[in-house]
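Engineer: Line by line, the protein sequences are chains G and E. When the count follows this note's numbering, it moves up by one through the first sequence with no breaks and lands on 275 for the last residue. When the count follows this note's numbering, it moves up by one through the second sequence with no breaks and lands on 307 for the last residue.
No lab work stands behind these hints: they were computed from the structure. Treat each hint with caution, since some may be false.
As the list claims (entries may be wrong) - Partial list, computed: chain G residues near chain E (C-beta under 10 angstroms):
no., residue
1, I40
2, S110
3, S134
4, G154
5, L180
6, Y225
All figures in this text were calculated on a predicted structure; none of them were measured in a lab. Positions of the beta carbon are idealized from the N, C-alpha and C atoms, including for glycine.
One-letter residues, chain by chain:
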Amino acid sequence: MSDTSTQTHHRGGFGARLAKSDKWGDRIWKAFVAFWVIYILAPPVLLVLISFDGAAYIRVPRSFSTAKYEAMFASSNLLQSIQRTIILAVITSIVTPILALCAVLTYRRSERKRLIIAALVLPLFLPGIVQGISLMIIFQQIGFDVTLVREAIGHVIWALPFAFLVLLTTMSSISEDNLLASADLGANEFETFRYVIYPQLKPGMISAVIFSFVLSFNEFARTFYLQGRLTTIPTYVWAQIQVTESPELFALSGATVLFSLLLIAIGSVYLHQVQ
Amino acid sequence: MPTDTTNTVTSAVDRAPAPVRPFLRNDRLRRAVLLAPWALVLLLFVFIPLFAIVAWSVMTQTLFGVEYTFTLDSYIEFLSSYRLGVFLSTIAAAILQVVIAIVFGFPLAYYAGVRIRGSKYVFPLLLLFAIPFFVSYILRAMAWIGFLGDQGVFNTLLLGLGLVDEPIGWFLYSHFAVHVSLPSSYIPFLVFPAWLAMARIDDETLSASADLGATPLQTIRHIVLPLAMPGIVIGAVFVFISTLGESATPVILGGGNVGFVATVIDSAVNSLNIPLASAISTVMLLLALLILALWERVFGLEIVGEI
Numbered sequence: 001m002s003d004t005s006t007q008t009h010h011r012g013g014f015g016a017r018l019a020k021s022d023k024w025g026d027r028i029w030k031a032f033v034a035f036w037v038i039y040i041l042a043p044p045v046l047l048v049l050i051s052f053d054g055a056a057y058i059r060v061p062r063s064f065s066t067a068k069y070e071a072m073f074a075s076s077n078l079l080q081s082i083q084r085t086i087i088l089a090v091i092t093s094i095v096t097p098i099l100a101l102c103a104v105l106t107y108r109r110s111e112r113k114r115l116i117i118a119a120l121v122l123p124l125f126l127p128g129i130v131q132g133i134s135l136m137i138i139f140q141q142i143g144f145d146v147t148l149v150r151e152a153i154g155h156v157i158w159a160l161p162f163a164f165l166v167l168l169t170t171m172s173s174i175s176e177d178n179l180l181a182s183a184d185l186g187a188n189e190f191e192t193f194r195y196v197i198y199p200q201l202k203p204g205m206i207s208a209v210i211f212s213f214v215l216s217f218n219e220f221a222r223t224f225y226l227q228g229r230l231t232t233i234p235t236y237v238w239a240q241i242q243v244t245e246s247p248e249l250f251a252l253s254g255a256t257v258l259f260s261l262l263l264i265a266i267g268s269v270y271l272h273q274v275q
Numbered sequence: 001m002p003t004d005t006t007n008t009v010t011s012a013v014d015r016a017p018a019p020v021r022p023f024l025r026n027d028r029l030r031r032a033v034l035l036a037p038w039a040l041v042l043l044l045f046v047f048i049p050l051f052a053i054v055a056w057s058v059m060t061q062t063l064f065g066v067e068y069t070f071t072l073d074s075y076i077e078f079l080s081s082y083r084l085g086v087f088l089s090t091i092a093a094a095i096l097q098v099v100i101a102i103v104f105g106f107p108l109a110y111y112a113g114v115r116i117r118g119s120k121y122v123f124p125l126l127l128l129f130a131i132p133f134f135v136s137y138i139l140r141a142m143a144w145i146g147f148l149g150d151q152g153v154f155n156t157l158l159l160g161l162g163l164v165d166e167p168i169g170w171f172l173y174s175h176f177a178v179h180v181s182l183p184s185s186y187i188p189f190l191v192f193p194a195w196l197a198m199a200r201i202d203d204e205t206l207s208a209s210a211d212l213g214a215t216p217l218q219t220i221r222h223i224v225l226p227l228a229m230p231g232i233v234i235g236a237v238f239v240f241i242s243t244l245g246e247s248a249t250p251v252i253l254g255g256g257n258v259g260f261v262a263t264v265i266d267s268a269v270n271s272l273n274i275p276l277a278s279a280i281s282t283v284m285l286l287l288a289l290l291i292l293a294l295w296e297r298v299f300g301l302e303i304v305g306e307i
């Protein structure tokens, strides 16, 4: 604890020295940061406000009405797409962290570290449409049309690089000495994993689950080419917005934003408790 | 002595649950079981499809499907039509977004990572910047209609102040709309890795620089910038790739006026011209491999693990 307090003191010292240097500079900095926070925050917030507006088209919200939400709950296609999205997100957030864990454990003992990283991060460097189309054509050729599995595969390969990187970062904070000590004390590989590696990897696993869920929840480009008749929330919005700006879309948007903010709030409360 | 060692190993293995024991006795088996799941997924669903795309790109399109004869026709079709122009203008748009992200994202990362480091506001600030990751980008694009449309926030404001007599039409369904909306999605892509890299710089290093009489600008130039470079570059790559692959925003906010390469690939798929779609995708794949190779050369791939 004493260690942390010295650090905080030290940090405070550095920050304070900068802050004192010029009062105006500080104000300009705050205005600059505030501008970008608003720039990034305003679109989702406006979506929530529009979802409660009385007009059926997009305007500056002026009245309050839940008509859009009523339209949303009356649309069975929309409710189906919400269900589909959640099913896919749950599958992705279970499968991906397990694959990523295997990958990180392989990486730890491997001599071909560069090759493993290159293979796992390649999807990050590829536009989603390229991956979506390549998978779609392959599945068409072999005649595989179980769309839920097709979509789940698309989502897992999209989330895997992120889950891997999160676990890799967590893994790099586990010291080799720790693992050697465990082996010296007579622990087998399983025990080392169970009692030394896994407890330290657990926060990383939890973030990997959250990341996978959120990435799957919002995935569009791959889903678009792999889906069948049933849509997910993003592809439903996409299909509808081409036709008309139907009111239930804004209810859906507002609800999604509120749900995402709720997730963030839960996540940050959890993180706060861990710290 | 050797017998002794064997004994310890056996007893350590025996403590493990029965199903796990074979994996502890046999190193190769254990490695195979850890390797197989992710390696198979990558091979079957990433590498084979990508390889197939390269193969299709040099095949011939016929009425009945794809014919297995080698040809570069699809590449010629791509390079000698309006499609090349769309591809190049998408790259230009991506570069513009990268420049915007660096110019504004670097100071934002510097603010969170250096200027207010250690303060209790760092975490909430970063959380606010994480919000775009949690909201689908189709929905974010839709929200901008509420700002830029004829009845949107900006036009209402301008009309209300009496600055204009009628709503400004080019706010929406234009290049302007696309480029104004994209930074709200992509700035965080740069802020996070850049911030992470800056947060790793020691307090001592920064204090030492200040103690030696360096101005904050000199500290940025000689310490923060070089140490944060890998983070900035990977952020720039994320922004570049994401803009390059943009499919929804140009349509939602650009109307029919803004073409991105994803739209071109999509229309090739819709007209069942698989070789053409594959050829353009192959060009994108080559671009991705080029970036990956440059990364390996300049920073080394292992640094990705530290981001």
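Engineer: Each hint should be assessed against the structure and marked as holding or not.
Structural biologist: Hints, one by one, checked against the model:
no.: 1; hint: I40; in the structure: holds (5 angstroms)
no.: 2; hint: S110; in the structure: holds (8 angstroms)
no.: 3; hint: S134; in the structure: holds (4 angstroms)
no.: 4; hint: G154; in the structure: holds (8 angstroms)
no.: 5; hint: L180; in the structure: violated (15 angstroms)
no.: 6; hint: Y225; in the structure: holds (8 angstroms)
Of the numbered hints given earlier, the model fails hint 5 alone.
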